[in-house]
Structure formats: C-alpha cells, structure tokens
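Chemist: Based on the hints, put chain B in the right spot on chain F.
So the protein lines, in turn, are chains F and B. Each residue of the first sequence is one higher than the one before, starting from 10 at the first, in this note's numbering. Each residue of the second sequence is one higher than the one before, starting from 10 at the first, in this note's numbering.
Honestly, the hints are just simulated from the structure, not real lab data. Check the hints yourself; a few may be wrong.
Each pair may be met inside one copy or between any two copies, as identical chains are not told apart.
The calculated lysine-lysine pairs, modelled on DSSO-like cross-linking and capped at a C-alpha distance of 30 Å, are [stated by the list, open to error]: (1) Lys289 with Lys411; (2) Lys411 with Lys375; (3) Lys375 with Lys336; (4) Lys411 with Lys336.
All of these numbers come straight from a predicted model, not from anything done at the bench.
Number of protein chains: 2
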Amino acid sequence: MQEALAFTVHHSDPHTQARIGTLTTPHGVIQTPTFVTVGTQATVKAIAPDDLARLGVQILIANTYHLHLRPGEEVIRELGGLHRFMGWPGPIMTDSGGFQVFSLGAGIEHGVGKIGIFPEEAERGGHLRPARQGQSLVRVDEEGVSFRSHLDGSPQRFTPESVIDMQRALGPDIMLVLDECTSPLHDYEYTRRALERTHRWADRALVRFRETGRQAKRPKAQGLYGIVQGGAFRDLREQSARFISGRDFDGIAIGGSLGASKTEMHEVLDWTIPLLPAEKPRHLLGIGAIPDIFEVVRRGVDTFDCVAPTRLARLGALLVRDELDYKLTITNARFERDSAPIDANCDCYTCQNFSRAYLHHLFNAKEILAMRLATIHNVHFLSRLMVQIRQAVAEGQLDALKREWR
Amino acid sequence: MQEALAFTVHHSDPHTQARIGTLTTPHGVIQTPTFVTVGTQATVKAIAPDDLARLGVQILIANTYHLHLRPGEEVIRELGGLHRFMGWPGPIMTDSGGFQVFSLGAGIEHGVGKIGIFPEEAERGGHLRPARQGQSLVRVDEEGVSFRSHLDGSPQRFTPESVIDMQRALGPDIMLVLDECTSPLHDYEYTRRALERTHRWADRALVRFRETGRQAKRPKAQGLYGIVQGGAFRDLREQSARFISGRDFDGIAIGGSLGASKTEMHEVLDWTIPLLPAEKPRHLLGIGAIPDIFEVVRRGVDTFDCVAPTRLARLGALLVRDELDYKLTITNARFERDSAPIDANCDCYTCQNFSRAYLHHLFNAKEILAMRLATIHNVHFLSRLMVQIRQAVAEGQLDALKREWR
Numbered sequence: 010m011q012e013a014l015a016f017t018v019h020h021s022d023p024h025t026q027a028r029i030g031t032l033t034t035p036h037g038v039i040q041t042p043t044f045v046t047v048g049t050q051a052t053v054k055a056i057a058p059d060d061l062a063r064l065g066v067q068i069l070i071a072n073t074y075h076l077h078l079r080p081g082e083e084v085i086r087e088l089g090g091l092h093r094f095m096g097w098p099g100p101i102m103t104d105s106g107g108f109q110v111f112s113l114g115a116g117i118e119h120g121v122g123k124i125g126i127f128p129e130e131a132e133r134g135g136h137l138r139p140a141r142q143g144q145s146l147v148r149v150d151e152e153g154v155s156f157r158s159h160l161d162g163s164p165q166r167f168t169p170e171s172v173i174d175m176q177r178a179l180g181p182d183i184m185l186v187l188d189e190c191t192s193p194l195h196d197y198e199y200t201r202r203a204l205e206r207t208h209r210w211a212d213r214a215l216v217r218f219r220e221t222g223r224q225a226k227r228p229k230a231q232g233l234y235g236i237v238q239g240g241a242f243r244d245l246r247e248q249s250a251r252f253i254s255g256r257d258f259d260g261i262a263i264g265g266s267l268g269a270s271k272t273e274m275h276e277v278l279d280w281t282i283p284l285l286p287a288e289k290p291r292h293l294l295g296i297g298a299i300p301d302i303f304e305v306v307r308r309g310v311d312t313f314d315c316v317a318p319t320r321l322a323r324l325g326a327l328l329v330r331d332e333l334d335y336k337l338t339i340t341n342a343r344f345e346r347d348s349a350p351i352d353a354n355c356d357c358y359t360c361q362n363f364s365r366a367y368l369h370h371l372f373n374a375k376e377i378l379a380m381r382l383a384t385i386h387n388v389h390f391l392s393r394l395m396v397q398i399r400q401a402v403a404e405g406q407l408d409a410l411k412r413e414w415r
Numbered sequence: 010m011q012e013a014l015a016f017t018v019h020h021s022d023p024h025t026q027a028r029i030g031t032l033t034t035p036h037g038v039i040q041t042p043t044f045v046t047v048g049t050q051a052t053v054k055a056i057a058p059d060d061l062a063r064l065g066v067q068i069l070i071a072n073t074y075h076l077h078l079r080p081g082e083e084v085i086r087e088l089g090g091l092h093r094f095m096g097w098p099g100p101i102m103t104d105s106g107g108f109q110v111f112s113l114g115a116g117i118e119h120g121v122g123k124i125g126i127f128p129e130e131a132e133r134g135g136h137l138r139p140a141r142q143g144q145s146l147v148r149v150d151e152e153g154v155s156f157r158s159h160l161d162g163s164p165q166r167f168t169p170e171s172v173i174d175m176q177r178a179l180g181p182d183i184m185l186v187l188d189e190c191t192s193p194l195h196d197y198e199y200t201r202r203a204l205e206r207t208h209r210w211a212d213r214a215l216v217r218f219r220e221t222g223r224q225a226k227r228p229k230a231q232g233l234y235g236i237v238q239g240g241a242f243r244d245l246r247e248q249s250a251r252f253i254s255g256r257d258f259d260g261i262a263i264g265g266s267l268g269a270s271k272t273e274m275h276e277v278l279d280w281t282i283p284l285l286p287a288e289k290p291r292h293l294l295g296i297g298a299i300p301d302i303f304e305v306v307r308r309g310v311d312t313f314d315c316v317a318p319t320r321l322a323r324l325g326a327l328l329v330r331d332e333l334d335y336k337l338t339i340t341n342a343r344f345e346r347d348s349a350p351i352d353a354n355c356d357c358y359t360c361q362n363f364s365r366a367y368l369h370h371l372f373n374a375k376e377i378l379a380m381r382l383a384t385i386h387n388v389h390f391l392s393r394l395m396v397q398i399r400q401a402v403a404e405g406q407l408d409a410l411k412r413e414w415r
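Just chain F, same shape as in the assembly (with noise of 0.2 Å):
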C-alpha cells in the first residue's frame, strides 16, 4: 500500500531529545516541530481559510466526536471530504473523540465535568442522566464504548472501527485510533484494565485501516496514528510506549491524563518518549501553553495541538512574550487608551492596523470583529513562536531561547 505520509528528521539536538524534520501529507508538507491549530467543528472559530493561509498555519485539527454528531460524516464524505467542506486545502488531522466521550463521561463520574456539565446541573437540564454509584453516562465494554450526545441526549455508540469508518468518511490526512481516555481519578488498576482494552482497540483500528484501505476504489491516502496511554503511571506508560511502537502505525500521539501537574507531565514524555521510534512522528494531544511548548519539543514532541490559543483570544487574553504568563488582558481599562498595537514586533493583520484601545473597544462592545482580530493574533503569535523554536533547534539554542522567553 502507497504511504501516506512520509517523515523525516533533519536534525536532533544534541543538548536535548528536539528534533527539526518534515512531515509530507497528502495535502502538503509541514515544518516540525509545530503547533496544531484547533478547528474542532470543521473551522477555526472566528476566522477563515484565507486568515490561516496568511498567518502561516501548517496543519489543523478537528474532531471526529463533534463532526459525527453534527454534521455527521456522511454528509462531509457527500460534501468531498473535510478539506473540500471546510475549504482549507492543507493538511488536517482528526482526533478520534475518544477524549470527547470519556471526558464526559468522567466528568460526570467524578463531578469534575469538562464540559460543564456536573450532576446536579445535568439533573435540572434533564436530558443527561446523573452519575450514580458505578453508573455513568459512559459505558465502556470490550466492543466500544455507549455514549449520549451533548447535543440532544440521544444514544450514541463508538467502536474502534466505526471510529475508522468515520475517518474514512471524514477525508483527514492523519487519522486517530479510538482510544480510552482515563482521569487522572481512576486508580491503578482501573487504568491498566482500561489501557490492554484500548491496546486491543488499537490492533482492531489496524485491522479495519487496512480493510478500508483495500477497498476504497481511490484508495484515500490517509495516515493513522496509534496512541499511547497509561495514565500517570509509569510502568503502564512505557508499556504502552512499547506496545503501540511495536504496530505498523505511520505516527504516535500520546494522550490522556499527563498527570496532574506540570511535573508529571514531563515525567510521562520522559518515561515515553525514549521508548519510540526514531523515524516516527509524534503528536501530543491538548498541550499547547507558551511555557509547555518549550518542554514538549525539548523532550521530542514533533506536533500537539490545544484549544489554549484560539480560545483564550476570544476571551480577550492576548499572547505577548513580555506579559505574565505570556497574556495581555485586552478588557482591562489601562488599555482604554492605548493607541500602540498588542505587540510593536508584531507583523500580524491586528498589529498593523489597529490599536490596543481599538480591541478593548471591541471587547467591550461584544462586537464579532474582536474575537476575529484577537484569534488572528494569538494564531499569528503561535506561527512565529515555532519558527523560532525550529531555527533555534537548527542551530542547538533551543535553552538560550527558552531563557530569553524567561
């Protein structure tokens, strides 16, 4: 079978595990180390293919639990696939939903809902069940997982092939196998159980790749990654770093809980990283703070993608280097008048034509063009961020960078 996707490493450095390479996807080639910009529903909210051609975005994401719930797959596959729907013509990668519908379900588990949905409220709204002792709204069992829609409460089931299916449907250039994503509330033993179930997933997702590889008339050239869980525990991490290694994926996400501080998080790159191959790239899921980056690519993370950035625009926090952690409050009233633009080094559309008092207008008017203006800078802000971070590894600087950023 063609592959899909071609890596290739150019340079490690020799201080840490960082690495600068290309990862050539059927929809262009990307730059590594870098960032993975979020378009969850097949679009980055509040701006358009043509701002993120301009703004240098190499690759997205979207989800495959939020597209089979709306629009669903089918009318995408109908539509000619993601790229076509969305019209953004570079590359794209799905995630599997596997977090979506786990994180859900833990939320209601344990109270400490993701997507704000907590017992009692889900109980008023009356369309979710609330957790009981050993129920939830989510059921694993060895097939898949039973699942309601955050949309409408309706009954949902994802398999490891289904999930595969709908990525077929979907069109992305990288696929993810469904996965089990454990909290970082579940014990030990829960999260071993959890993780040979999705390393089964993970041989089924294979299987049913290949399957619809062959029997796709225009043979889709689409890559899958397989992912690596185990919680924080270390033993179950470098398991599961040895098992998926060992299958013919074309990548390696690592997911799920990375601990509960940013310590463990490091600790599970470290215990994982070490133990995968060279020649395979690797994405890690939902890291994507300024500080964070420095650590993920030092420990050889070669993409990761977070809502962080886009999100964080919208509520008005604006990513500069010389403010702590790394966020101008645009809302805050000392900007009333302030007639420099969010970042005087900065060559983004925002920078260049409007003022720091023009976007705490905006923000405090509620008007749209504020979330337009202050994504496109904080995605801007990312771009620029990893083409320093590439050249600084290029030239074995990555740490002085690191310390100039603090």
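Modeler: Using the frame of chain F, we list chain B on its own:
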C-alpha cells in the same frame, strides 16, 4: 473655507429622477448612487477593513450616539479619529444620534420599544424609569434633549452644538445635524412643533459647524448635511425641504418617519426631492431593502444606509436574486447537503470557497465564522447590485433592470 466635499452629477436619467455622480471626500471618491454600509460602533459587525476593501464598499456610517456612550468621542479623538481608530482609510459619515435618542424615547412613550425596553421590563430592570402619562425617558426642550444611556441608565444631554463638537472629535468626512425624529404615532400638531424646533437646531448646528471649522488649528475637512423631517405630512415635508435647501449645507439627508407603509415612503420622497437643489448630494437615512433600493434611486437619492444587509446576514438570511424577498434562509434543513454556493454567479469570497451545506453547518453549530462569511456575501451583494444600478442609470435602463429583478 475650503470645501470638504465636492459633488458632481454626471448623468440624469430622462425617464426617472435617478442620477449618477461622484462625491469627493477627504478620504476618497464615491460613485453614486451607492449603499452606505453601517458600522455603528466603529466596526461593520463581523467583518474587518480588509474585507471591506475587497467587497467594493465605498463609504461607512458610524453612530454618534453609540460612540459617545462607548468609548467616548474624546478617546477616539486621542487615537487619531475614527478612520485611524477603526483602521478604515475610506470615507465615513456619522449619524447625529438623533434617531437613537428619539427612537428609544418613542418606544417608551408609545410602548413600541425599538431597543426592546418596554415599560414593564424597564421597571423590572431597575435602571430605566418607565413612562407614565406625560413622562418619557427622553425630554426635549428648546435647547436640546435629555435622555438616559441604554447601557447604564446614566443621564445624558445632547444639543445641536454638542453633537457638532462630538463629530468634530470623531472626525468623519460627513457629519449630520441633530434632529428630532418624531414617531409615526405623533400627531400633526406635535410633528409641526418638533419640525420647527429641528429647523432652529439646524441653524444652531451650522453656526457651531462654522465656528469649529475656523477655530481648528488644522481645520479638518468635514462636510455637514442638514436633515429634512416632517413625518408623513406633505406640507411639513415640503416646508422642511425648502428650509434645509435654503441653508448652506454640504448635502441633504432625509430622515425620520418615512410613513407607515412603502407607499407613504415613496410619497415622502416624491414630495421632498423635487424641492431639493440638484447640485447637492442627497442621503436617505435607514432604507436598504432590495425593492426599496430601486424605488429610492429612481426618485433621485444618491446615498442611503440600512442595517438590514448586515443584520440579516447574522441571522442567516443570505441575499440572492431568485428567492422570495431576496432571502435564502440558510438554516433551512433543505440546505444540509447542498453543495452549491449561496449564488453560483457571485464572486465573493464566501461563494467562491464554501457550499450552502457548510454555511448551514456553521449556523447550526453557532460558529462565529458563520457571521463573517454571511456578512461578506450580503455586503458584496449590495456592492454588486449598486454597480449594476449605476450602469443601468447611465444607460437609461433603470426600470428595465428593476423589472428583471422582479
């Protein structure tokens, strides 16, 4: 004093009152007749200046009432004026705020709230006094008008002079005098007295306009339009048309209640426009539905503004020639799998890149991008229609074009 505006009529249609011309402003030349895109709070909702430039937009109208309340005209003056503040280098006009002040007041007086505040709701809301017999949120006297901010209930005062001062601070190319907008529910006697006061206000505005023009160290090149009022009463409209025509305004706007029906609106124009000097530009306030556009252009209107095209866009009503009422309701289920663009003959960014199915999905999923893509289409639709209309007027074919459009 240097003329801020220059208007030239190039051709008058022998069959109708329509004419084509150019209106030269300090920030660019406008081909008339043209639609003026609404940018109430110093932004055209959901799109940015880079969009506007691509869409063939010639001129915007912002609102003095809204900008006075937030962020305040002094903030905008400090930031270099409206053009620089909002990053739009082309012509801008500002409405005086009269309509907003009085439409709020009339809503309270007559229980037909424009801004959604009914007496009972205002009472519950706490900060707005409900109207009782003879009591209103808006109090007009000879000097000016007192009202409360719709944002925070704070007491506010506008006079013909203060509104000129505000617009000097905002710095648009075209300013409008403060007028009293009577409601269709006001009787002849009230409308007559209000009109006479509005005329005295117009003279005071002219005096202040001349003073501030002389006082300015760098006299800003701004023009001032008078406003014809008089409700749906023929003799009052004629009296007002003669009065405003006799004053030294740079252009003439037609405002206020344009009657309770389209027929009455046409009558108001038929009474008024023949009395206006041919050499001055004429602006019609608040009109912009497709069928109305043909009617007002054929009666000799040069520019007109309306929130409808942009507001409809945000509600998912997309302007097309071949649908009932020229609106395609994209949220309709029949578009779920429709791979066609909104309009196959449209060359806007939205139609060139996205299907009806994608827009349907974005509106269903309440994605912000829906607003931008829909607004781009509707604004482009208006621009393109006006190009056709100008061409038709030049060729004496306006009524033929109107028939083609229904």
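Chemist: None of the hints should be skipped; say for each whether it holds.
Modeler: Going down the list of hints, with the structure as the test:
With identical chains, the CA atoms of Lys289 and Lys411 are at most 30 Å apart within one copy only, with a shortest distance of 25 Å there and 64 Å across copies. In this assembly of identical chains, Lys411 and Lys375 lie within 30 Å of each other by CA distance neither inside one copy nor across copies; the values are 36 Å within and 38 Å between. In this homomeric assembly, Lys375 and Lys336 come within 30 Å of each other (Cα to Cα) both inside a single copy, at 20 Å, and across copies, at 27 Å. Taking the closest pair of Cα atoms, Lys411 and Lys336 come within 30 Å of each other only inside a single copy of the chain (17 Å); across copies the shortest separation is 54 Å, beyond that limit.
Violated hint: 2 only; the structure is consistent with all others.
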